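Given only the sequences and the hints, what does the whole structure look like? Please build it.
Chain by chain, the residues run as shown.
Number of protein chains: 2
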Amino acid sequence: MKPYSQLTKEELAALKKELEKQFKEVKAKGLKLDMSRGKPSKAQLDLSCGLMDVLKGDSDLVSSDGVDCRNYGILDGIFDARKLLADMSEVPERSILIYGNSSLNVMFDTISRAMTHGFMGSTPWSKLNKVKFLCPVPGYDRHFAITEFFGIEMINVPLLETGPDMDMVESLVSSDASIKGIWCVPKYSNPTGVSYSDETVRRFAHLKPAAKDFRIFWDNAYSIHHLYEDKKDVILEILNECIKADNPDIVLKFISTSKVSFPGSGIAALAASRGNLADAKKYMQFQTIGHDKLNQLRHVRFFGDMQGMFEHMKKHAAILRPKFEKVQEVLERELGGLGIGTWTKPLGGYFISFDSLDGCAKAIVAKAKEAGLVMTGAGATFPYGKDPRDRNIRIAPSFPTVEELELAAQIFVLSVKLVSIDKLLK
Amino acid sequence: MKPYSQLTKEELAALKKELEKQFKEVKAKGLKLDMSRGKPSKAQLDLSCGLMDVLKGDSDLVSSDGVDCRNYGILDGIFDARKLLADMSEVPERSILIYGNSSLNVMFDTISRAMTHGFMGSTPWSKLNKVKFLCPVPGYDRHFAITEFFGIEMINVPLLETGPDMDMVESLVSSDASIKGIWCVPKYSNPTGVSYSDETVRRFAHLKPAAKDFRIFWDNAYSIHHLYEDKKDVILEILNECIKADNPDIVLKFISTSKVSFPGSGIAALAASRGNLADAKKYMQFQTIGHDKLNQLRHVRFFGDMQGMFEHMKKHAAILRPKFEKVQEVLERELGGLGIGTWTKPLGGYFISFDSLDGCAKAIVAKAKEAGLVMTGAGATFPYGKDPRDRNIRIAPSFPTVEELELAAQIFVLSVKLVSIDKLLK
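First to last, the sequence lines map onto chains A and B.
Residue numbering for the first sequence follows our numbering, starting at 5 and increasing by one per position.
Residue numbering for the second sequence follows our numbering, starting at 5 and increasing by one per position.
These are computed hints drawn from the structure, not numbers from a lab.
Just so it is clear, the structure is predicted and the values come from calculations on it, not from any experiment.
Among the hints, erroneous ones may be present.
Which copy? The list can't say, so a pair holds if one copy fits it or any two copies do.
[To be verified] Straight-line distance between alpha carbons at most 30 Å, and here's what the computed DSSO-like set of lysine-lysine pairs gives: (1) K136 / K33; (2) K285 / K36; (3) K366 / K286; (4) K373 / K286; (5) K286 / K390; (6) K390 / K430; (7) K286 / K36; (8) K318 / K330; (9) K366 / K285; (10) K60 / K318; (11) K285 / K131; (12) K366 / K25; (13) K285 / K136; (14) K20 / K330; (15) K235 / K349; (16) K390 / K285; (17) K235 / K330; (18) K136 / K286; (19) K373 / K285; (20) K131 / K216; (21) K216 / K134; (22) K286 / K46; (23) K6 / K349.
Laid out in structure tokens, this is it:
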């Protein structure tokens with residue numbers, strides 16, 4: 005098929021009529037599908053049911069370091085859990101601190117801590133006139149929501165194929181001491197699926213920010229969330245790179261088992277330098293007597309070790325792969341060559357990122373909703389919900405079944421086509 | 005035996021010699037016992053082992069309101085858990101918000117929230133020159149540690165037999181708008197065991213603070229933690245009193261199952277007015293996608309309802325009662341009538357509060373440590389760790405066995421006697 009841009013107005017109008025008929029037909033199927041979030045499917049949750057069986061009333065509920073996991077205490081997590089999440093995070097066990105059920109919560113608390121207490125002796129951010137954050141875009145809406153909630157000014161930085169535009173990052177952080185951090189999803193980025201190149205990681209490790217309390221918020225949410233066994237992105241381990249660059253305190257790594265075991269009932273961790281961990285613990289010791297150690301033990305007993313977790317992730321991949329492939333197939337078949345959209349083909353993570361013609365994203369999401377398909381709100385992948393070109397749409401294929409996805413993808417491509425024609429006819 | 009104050013210097017000196025011999029003997033037994041915290045004993049933890057059995061891999065993991073507890077979502081907790089903790093908190097289900105594993109964490113986060121965002125539209129406390137809190141003393145060290153950590157100035161208020169000195173509370177909060185809160189453990193108070201009288205609760209409900217964002221931090225940590233079935237303290241439910249007094253937003257009630265099921269692996273909740281809950285949720289929605297719903301479901305399935313929880317608490321009482329009675333017995337037998345100490349006889353909670361002669365508490369705790377008995381640091385029950393009369397000592401009888409307690413109590417009373425004699429001989 006010819007690109008839409010090469011069609012005459014008459015051809016576009018005729019096409020529109022035909023597409024509207026098709027849209028009416030799929031709309032009539034009465035789909036009601038929420039694809040707005042990166043939610044695991046029921047089949048994926050079933051994979052982890054064994055988690056409910058590893059601890060019994062008569063089980064030994066003592067960790068290998070001799071802690072009765074049923075009682076108070078142990079601020080930084082039981083040894084076995086520290087070891088497991090350190091391995092997952094590719095850092096030594098001494099570099100890890102276990103938290104509660106969600107890494108988002110750890111990130112929020114870390115920003116909140118910086119606001120009230122600063123980092124490692126710096127001025128609390130709430131005492132400063134202006135605090136800014138760099139936000140690679142498109143990115144994760146919940147990251148941006150946290151910084152917005154704390155009144156932190158956000159600056160868009162383009163996310164390239166290799167990661168954030170490092171020329172821009174270096175220039176901004178070295179010249180502006182009010183820039184205190186950057187949000188990063190370094191692997192299978194949300195939503196583009198981009199993984200940072202080795203050079204990007206090294207340039208991050210060598211950053212020389214004007215602000216001493218500048219931190220890279222490294223949300224390694226999809227570190228082991230591959231779709232294929234034979235094609236995987238690998239990224240450099242940043243904490244080690246920072247240590248080698250004599251810059252150990254610049255990064256805070258966040259990780260969790262949310263999309264490994266159960267979202268909401270997993271365990272989360274912070275990996276960082278000795279100084280950053282001590283700083284975090286100084287806060288944590290007032291915040292809690294300790295996190296849920298039974299859930300830590302449950303995860304340790306269920307996965308055993310990192311090998312066990314890798315095996316488990318293969319089962320997730322087997323469920324997710326056909327879903328991603330289904331969406332790719334429909335996009336390719338229906339939109340390939342039309343010049344009205346581009347999309348990413350990630351090797352892992354939870355999302356496909358779609359870029360429409362400029363100024364069409366909001367209308368496409370609204371059109372899809374007409375037919376019962378709820379997608380992530382257009383603009384959500386940008387700070388303040390404002391996509392300057394109104395073109396980015398996050399597709400989250402994990403939750404629906406493959407059958408539902410077939411229909412959802414049809415609705416989506418029809419919406420893209422119809423909105424694009426309207427734009428071209430203007 | 006005669007009160008020590010009526011003994012001559014010679015009699016005291018002779019007595020000291022004899023007591024030093026006894027101390028040497030108990031010291032030789034080589035006890036190593038940590039009685040510093042209100043930690044449940046192993047036998048108590050065993051009571052809740054069934055918690056590990058109620059959810060299995062093939063269990064129905066859907067809550068009664070149709071939520072798959074394994075997946076993301078449900079910010080305010082599953083209905084069944086809200087109902088259970090509402091009942092525990094003696095409020096309607098609409099007045100409750102479920103949190104994570106610890107009410108201390110909820111209190112910390114609430115103070116942190118007030119610092120960065122204020123309450124219900126008030127100026128964030130971090131933007132104010134001075135923020136003060138009232139602290140009934142003696143009280144809970146972890147409360148005081150939180151306010152100290154956030155740079156909040158603490159003002160001691162005497163805790164009377166009926167609760168905090170309400171004349172003082174009323175006069176202070178009505179005249180000083182920088183006073184933003186008060187820490188309360190209204191039932192079986194930590195450490196005195198005092199429960200607030202109905203009049204105290206009503207006066208709290210009718211407070212007219214100068215600060216609109218003044219809040220009563222009502223930590224009902226021991227709401228159902230009775231020692232006796234036939235003798236129980238009952239306190240007025242404060243949220244309802246506040247509503248009746250047209251003052252619904254003044255109180256924040258905190259509760260958890262920490263000393264009901266497993267400390268660190270329980271569930272916690274905030275009970276408050278509609279306005280306060282909406283305010284808390286506005287914050288929470290950025291902090292997390294949701295708390296651990298499987299643990300909520302686990303608690304619901306294990307306890308069933310409030311009746312189940314009450315029955316469970318009777319088993320705790322059966323274990324704790326002999327321990328409290330053992331300590332009371334030794335204190336009465338060894339110190340009764342000597343005029344060198346007074347102590348509380350609570351009907352519930354986790355502590356016995358001991359007041360020595362002025363200026364002796366630190367020395368007594370140090371003396372006991374010499375013989376291997378670690379107690380809560382003297383002063384810990386006061387803001388900044390400063391007991392102005394250096395006399396209050398918190399006794400935590402829950403963790404040791406009755407046999408260990410016999411020996412521990414002996415060490416304690418010998419320490420009290422020896423230090424008191426030194427004081428009288430000065």
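Hints, verified against the model:
1. K136 / K33: So K136 and K33 fail the 30 Å test inside a copy (47 Å) and across (62 Å) alike.
2. K285 / K36: Answer is between; shortest inter-copy Cα gap is 28 Å, intra-copy 45 Å.
3. K366 / K286: Result: close only across copies, 26 Å inter versus 45 Å intra.
4. K373 / K286: For K373 and K286, only the inter-copy Cα distance (26 Å) is at most 30 Å; the intra-copy one is 47 Å.
5. K286 / K390: between (37 Å within a copy, 21 Å between copies)
6. K390 / K430: within (23 Å within a copy, 75 Å between copies)
7. K286 / K36: Answer is between; shortest inter-copy Cα gap is 28 Å, intra-copy 48 Å.
8. K318 / K330: within (18 Å within a copy, 57 Å between copies)
9. K366 / K285: between (43 Å within a copy, 28 Å between copies)
10. K60 / K318: both (27 Å within a copy, 23 Å between copies)
11. K285 / K131: Both: 22 Å inside a chain and 25 Å across chains, each within 30 Å.
12. K366 / K25: Within. Shortest intra-copy distance 22 Å satisfies the 30 Å Cα cut-off; inter-copy 85 Å does not.
13. K285 / K136: both (25 Å within a copy, 25 Å between copies)
14. K20 / K330: Close inside one copy (25 Å), not across copies (87 Å); limit 30 Å.
15. K235 / K349: Classified as within; 12 Å inside a copy, 69 Å across copies.
16. K390 / K285: Close across copies (24 Å), not inside one copy (36 Å); limit 30 Å.
17. K235 / K330: Cα proximity of K235 and K330: one copy only (18 Å, versus 67 Å across).
18. K136 / K286: Classified as both: same-chain Cα gap 25 Å, cross-chain 22 Å, threshold 30 Å.
19. K373 / K285: between (46 Å within a copy, 27 Å between copies)
20. K131 / K216: Close inside one copy (16 Å) and across copies (23 Å); limit 30 Å.
21. K216 / K134: The answer is both: 15 Å in one copy and 28 Å across copies each meet 30 Å.
22. K286 / K46: Between copies only: 29 Å across, 39 Å inside.
23. K6 / K349: Answer is within: at 23 Å inside a copy they meet the 30 Å cutoff, but 88 Å across does not.
In this structure, only the earlier hint numbered 1 is contradicted, and the remaining ones agree with it.
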